[in-house]
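With these hints in hand, go ahead and build the complete structure from the sequences.
In order, the protein sequences belong to chains Y and F.
So the number in the working numbering is just where the residue sits in the first sequence, counting from 1, plus 1.
So the number in the working numbering is just where the residue sits in the second sequence, counting from 1, plus 508.
These are calculated hints, taken from the structure and not from any lab test.
All residues carry an ideal CB built from backbone N, CA and C; glycine is no exception.
Among the clues, some could well be false.
[What the hints assert, rightly or not] Taking lysine-lysine pairs in the BS3-like style, the calculated list, with each CA pair at most 30 Å apart, reads:
(1) F/K691 / F/K626
(2) Y/K3 / F/K626
(3) Y/K9 / F/K626
(4) Y/K47 / F/K691
(5) F/K655 / Y/K47
(6) Y/K9 / F/K691
(7) F/K624 / Y/K9
(8) F/K655 / Y/K237
(9) F/K691 / F/K655
(10) F/K691 / F/K624
[Claimed, not checked] Computed footprint of chain Y on chain F; a stretch qualifies when at least three of its residues, placed anywhere within it, have a C-beta under 8 Å from a C-beta of chain Y:
(11) 539–550
(12) 619–630
(13) 633–642
(14) 645–655
(15) 694–702
(16) 769–779
(17) 784–798
[Stated by the list, open to error] Pair ranges (Cβ atoms, derived):
(18) Y/S113 / F/F555: 13 to 23 Å
(19) Y/S113 / F/L809: 13 to 23 Å
(20) Y/L28 / F/Q810: 38 to 48 Å
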Amino acid sequence: MKTILIRKTGLYLFLFLTSILTLAPFLWMVSASFMQDGEASVFPPKFLPDRMVLDQYQNLILRLNIHRNFINSLILSVLVTMISLFLNSMAGFAFAKYHFRGKNQLFNLLLSSMIIPAQVVMLPLFLMLKTIGVINTYFAIIIPGLANIFGIFLIRQYVLSIPDSLIEAARMDGAADFQIYRQIILPLCLPILITLAIFTFMGTWNDFLWPLIALTDNSMYTLPVALANLMGEHTKDPELMMAGSVLTILPIVVVFMVLQRYYMQGILLGGVKE
Amino acid sequence: MNKIAEHLVTPKNPGHHWGLSAAYFFLAPALLAITVFFFIPVLAALFMSFTDFDIYALSDVSNVRWVGFRNYARLLQDPLFWTALKNTFYFVLVSGPLTILVALSAALLLNSRLIKYKGLFRLSYFIPVVTTLVAVAVIWRFMYHPKFGLLNYLLSFAGIEHIDWLGEPQWAMPAIILMSVWKNFGYNMIIFIAGLQNIPEQLYEAARIEGANCWQQFRSITIPMLAPTTLFIGVITMIGFFQLFAEPYIMTQGGPLSRTLSVVQYMYWEGFRWWNMGYSASIAFVLFIIIFIATLIQFKLQRER
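Set out below in structure tokens:
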């Protein structure tokens, strides 16, 4: 009995310490973001600001216009999520419930092409978008995100579990194909749509390499690109950079916290990282 | 009579009778987007890798010349490419197994029946996964600060004098590895926890009756039963790690002495800084081939077991 108690205490202590250690960078980020210039560059490090100030946030917004980057990130993440959810769900529905020649081959081709790393397409894609004149516009981010294979796959798997009889019944009531998609498939797919929406939203929000290539102007940058750019000039301003990191991370953590359950489900369904 | 009526209203294979045009209507937008903005660029990249597409071609496409395998031949003799390749393999081969090991340990701990509040611990381990990589790299750059960083402060209690983590050639890659293990293990932990919960309890009971201790149970039940999970985790972790980019871009710019330059970073520099896009495309394809082969090897290793 005693040994179990000791083991239990030890286990809790270990879990607690490692949790704190894991969260330490974020705790320090939040704390340092409320410090005055220079306060985070001292030894030994300070864990709390002497006086909580909003200087860094003010600086970021008034002088560096970071709210524009925030708005870019927000608009792009929402748009990409909505559009790709629409296209992916239609395609996923078709792959699950319609029969046509070459369907399986087509689906397998899509699945196996998922191994191609995104970097491969970036050079031609850049030239393509440059030719049609959309580099450094929202379209440069939206266009490559219109549809994605993983999303189609996820929705197809889910729609497969919806019984044909439901669709048959609606058809007999005279529902057209699009009505069936709209009024039966989409509502039943809600959980997987939410899961996919979180993945897409976070993926777009966190994405770095492509926005770095496709957006060339400070006012068009998404938050990660703006932050990376700021880092170049402000290596000696941890307080400012931490405030920028808070603004970048906070929305994503909030979305995750609220919809955690759906996100975890997505991972277990074979979710891919951004 | 009834039977015939039934046949009339429920065709045996209902799908065949649904409009084909509807299927195409639903598929067309997504497939069109994927074809135009993914499949065609893949083929175009392959084509580009056999050309000398550079800054002159950018202004006038007629300057592009077919050079056959010359880009690939040049890669083999490019010391900077070999450095990038070596660094990337160093990163993948160390932080891959490390991430999986930490993830498995965390999953085993959190699967223990002794503890409560599992959700809370799981959440704190998981938070780094969802946060923006660029922001995280920015934070860690300051954590690694030689004078004021939190890491050196902690190490000072163990009597370790301050190390310039990102400034010294031998420490920069380990520093990036430590950060990426921290960032990524939570993801694999979630998959491992699910895998552990799928192992039937009877297996352990039977083993206990036969007198197997904890370690033996772990070796002969947990490990083999987790094999498919481990394969899946191994493949996705590796694919992700081969694409290392933002960490060195933010924390070291590939330095010091190119010791953290990654393949993707080199591809980015060649393609989008110097506009040697033909050469850059060949780097991208080599990366693809490496990922492809590494995935095959993992599947093969798994099958042999």
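Structure-based check of each hint:
For a cut-off of 30 Å, the pair hint linking F/K691 to F/K626 stands: about 20 Å separates their Cα positions. Proximity of Y/K3 to F/K626 is assessed by CA-CA distance (about 23 Å); at most 30 Å being required, the pair is judged to hold. For the hint pairing Y/K9 with F/K626, the CA-to-CA distance comes to about 13 Å; that is within 30 Å, so the pair holds. For the given pair, Y/K47 sits about 24 Å from F/K691 by alpha-carbon distance, which is consistent with the 30 Å threshold.
Restraint check for F/K655 and Y/K47: the C-alpha separation of about 13 Å stays at or below 30 Å, so the hint holds. For the hint pairing Y/K9 with F/K691, the CA-to-CA distance comes to about 27 Å; that is within 30 Å, so the pair holds. Restraint check for F/K624 and Y/K9: satisfied, since their Cα atoms lie roughly 10 Å apart, inside the 30 Å limit. A threshold of 30 Å between alpha carbons decides the hint, and for F/K655 with Y/K237 the separation of about 12 Å falls inside it, so the pair holds.
About 24 Å separates the Cα atoms of F/K691 and F/K655, which keeps this hinted pair within 30 Å; it holds. Distance hint between F/K691 and F/K624 is fulfilled; the C-alpha atoms sit about 24 Å from each other, no more than 30 Å. Against chain Y, the region 539–550 of chain F contributes 9 residues with a C-beta closer than 8 Å to a partner C-beta. That satisfies the three-residue criterion, and the hint holds. By the rule of at least three residues with a Cβ nearer than 8 Å to a Cβ of chain Y, the coverage given for the region 619–630 of chain F holds, with 5 such residues.
Evaluation of the coverage hint for the region 633–642 of chain F: fulfilled, as 8 residues show C-beta separations to chain Y shorter than 8 Å, against a requirement of three. Requiring three or more residues with a Cβ within less than 8 Å of a Cβ of chain Y, the coverage given for the region 645–655 of chain F holds, as 8 such residues are present. Under a criterion of three residues with beta carbons nearer than 8 Å to beta carbons of chain Y, the stated coverage of the region 694–702 of chain F is upheld, 4 such residues being counted. For the region 769–779 of chain F, the proposed coverage by chain Y is satisfied: 4 residues have a C-beta within less than 8 Å of a C-beta in that chain, meeting the threshold of three.
Closer than 8 Å: that is the beta-carbon criterion, and the region 784–798 of chain F has 7 residues meeting it against chain Y, so the requirement of 3 holds. For the hinted restraint 13 to 23 Å between Y/S113 and F/F555, the CB-CB distance of approximately 21 Å keeps it satisfied. The hinted window of 13 to 23 Å between Y/S113 and F/L809 holds, with their beta carbons roughly 20 Å apart. Between Y/L28 and F/Q810 the C-beta distance comes to about 40 Å, which sits within the given range of 38 to 48 Å.
The structure agrees with every numbered hint stated previously.
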